[in-house]
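The listed protein sequences correspond, in order, to chains A and B.
Under the working numbering, the first residue of the first sequence carries the number 18, and numbering increases by one thereafter.
Under the working numbering, the first residue of the second sequence carries the number 19, and numbering increases by one thereafter.
Read the hints as simulated data drawn from the structure, not as lab findings.
Be aware that one or more of the hints could be misleading.
[Stated by the list, open to error] Quick list of in silico lysine to aspartate or glutamate cross-link-like pairs, DMTMM-like style, CA-CA up to 20 Å:
#1 K205(B) x D38(A)
#2 K30(A) x D199(B)
#3 K35(B) x E34(A)
#4 K37(B) x D65(B)
#5 K113(B) x E73(B)
#6 K37(B) x E91(B)
#7 K120(A) x E45(B)
#8 K42(B) x E56(A)
#9 K97(A) x D122(B)
#10 K60(B) x E91(B)
#11 K123(A) x E45(B)
#12 K241(B) x D77(B)
#13 K73(A) x E62(B)
#14 K35(B) x E68(A)
#15 K142(B) x E166(B)
#16 K205(B) x D65(B)
#17 K60(B) x E45(B)
#18 K42(B) x E34(A)
#19 K37(B) x E68(A)
#20 K120(A) x E68(A)
#21 K241(B) x E34(A)
#22 K30(A) x E45(B)
#23 K37(B) x E73(B)
#24 K87(B) x D122(B)
#25 K205(B) x E56(A)
#26 K97(A) x D77(B)
[Unchecked claim] Using C-beta positions, here's what the derived DEER-type ranges look like:
#27 D77(B) x V57(A): 41 to 47 Å
#28 A63(B) x T116(A): 20 to 26 Å
#29 R150(B) x K115(A): 50 to 56 Å
#30 G152(B) x P102(A): 23 to 29 Å
#31 R39(A) x Q56(B): 42 to 48 Å
From the three backbone atoms N, C-alpha and C, an ideal C-beta is built for every residue, glycine too.
One-letter residues, chain by chain:
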Amino acid sequence: MTRLVRRRYLALKLEGEGTFDRNMVSDALWTAVLRLFGEVGVSQAGLFLVEFDLEKMSAVLRCSHRVLPNVKAAIASVTKIGGQPAAIHVSRVSGSLKTLRRKTAKRRV
Amino acid sequence: MKFSDLHLRVPWHDLEKAKRIIAKSSELGYSQVGVPLQPNIKQEAVDRLRQVCEEFGIDFVTRIELVPKSSSELLGSLRRFRRQYEVVSVSCGSKPLARQAAKDRRVDLLCFPGFEWKKRFFDKGEAELASRSGAAFEIDLASVLTSEGFLRVSLISSLRREVATAKSHRVPLVLSSGATDLLLLRKPEDYASLALLFDLDSSSALDAVSKNPVDIVERNRNKLSQDYVAPGVRLVSVEGRRVI
């Protein structure tokens, strides 16, 4: 049976001058989508920060597959996290968490 | 795919910062960067930048940004600098200047002031001239990233209109970072995603960060080589003699 809402998982690499916590990153992503695509855009995106690793400065974001290009544009537009200058790069996109983890682990090796 | 950023504004007087920015570009997947240079820059500084780029496996492209006040000044600058730099861009501050730049075959990139929407002269007439001369329309994405509110809205709106005009007249588009800082740099694929904001489809956006800028550099390097005579005509050496 196919799912009604297909999801995409994005592996993110964070860069910035300060230290961030999970809420700050989540907030920055939500704000970016909201600013570029409005409230309807956010409601369609189904954003959820699945993982956040402060040491590796990496995160995994979940979104709906329909709005993946919009979410990627919004991620690229992030210039601040918690008021500090920052940048977020998308390093991988996958349809499942398992594959995403496997691919990112392979890349590290 | 070979990715290129023709507008990486590295501080050539601060080699350490330049090194960090170039290293980051390499890490993000660029294999060619164009660095805008001042006309009075010393050859040693250029050589040092070239060396840093080679260290990180990046192809260094020299670029000059002309900001003339009149058409005659533009023609004088083109006569003076065209054979010294691999890429020539013109920042068009007035309509007559924009028209002159668009019809001159020596100009590679047409740039318009980011936030002064009254000075963005890339309309149908401009696109037609640019398409005949082979000049490309350059979009600096740093201005999209750094702006917010009404400024960003009006910039994206202008870009959407200009991109549609460029596409309908087959004017090549070039997406550049225009970055002065590490945190303003993005991956080429991320820039291609940002181009969605002004209705550029993903394959054209990827061409704008790879094929289009790489073609411009290749074409100019051919023209600047000593063997070049005219389009399609080169000097080839046969048994020590040079013949056309």
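Hint check results:
no., hint, verdict
1, K205(B) x D38(A), "24 Å, violated"
2, K30(A) x D199(B), "17 Å, holds"
3, K35(B) x E34(A), "15 Å, holds"
4, K37(B) x D65(B), "13 Å, holds"
5, K113(B) x E73(B), "42 Å, violated"
6, K37(B) x E91(B), "34 Å, violated"
7, K120(A) x E45(B), "18 Å, holds"
8, K42(B) x E56(A), "34 Å, violated"
9, K97(A) x D122(B), "41 Å, violated"
10, K60(B) x E91(B), "23 Å, violated"
11, K123(A) x E45(B), "17 Å, holds"
12, K241(B) x D77(B), "18 Å, holds"
13, K73(A) x E62(B), "39 Å, violated"
14, K35(B) x E68(A), "32 Å, violated"
15, K142(B) x E166(B), "28 Å, violated"
16, K205(B) x D65(B), "26 Å, violated"
17, K60(B) x E45(B), "28 Å, violated"
18, K42(B) x E34(A), "15 Å, holds"
19, K37(B) x E68(A), "33 Å, violated"
20, K120(A) x E68(A), "16 Å, holds"
21, K241(B) x E34(A), "44 Å, violated"
22, K30(A) x E45(B), "12 Å, holds"
23, K37(B) x E73(B), "10 Å, holds"
24, K87(B) x D122(B), "16 Å, holds"
25, K205(B) x E56(A), "27 Å, violated"
26, K97(A) x D77(B), "31 Å, violated"
27, D77(B) x V57(A): 41 to 47 Å, "43 Å, holds"
28, A63(B) x T116(A): 20 to 26 Å, "47 Å, violated"
29, R150(B) x K115(A): 50 to 56 Å, "54 Å, holds"
30, G152(B) x P102(A): 23 to 29 Å, "38 Å, violated"
31, R39(A) x Q56(B): 42 to 48 Å, "45 Å, holds"
In terms of the numbered hints stated before, the structure departs from hints 1, 5, 6, 8, 9, 10, 13, 14, 15, 16, 17, 19, 21, 25, 26, 28 and 30, listed from lowest to highest.
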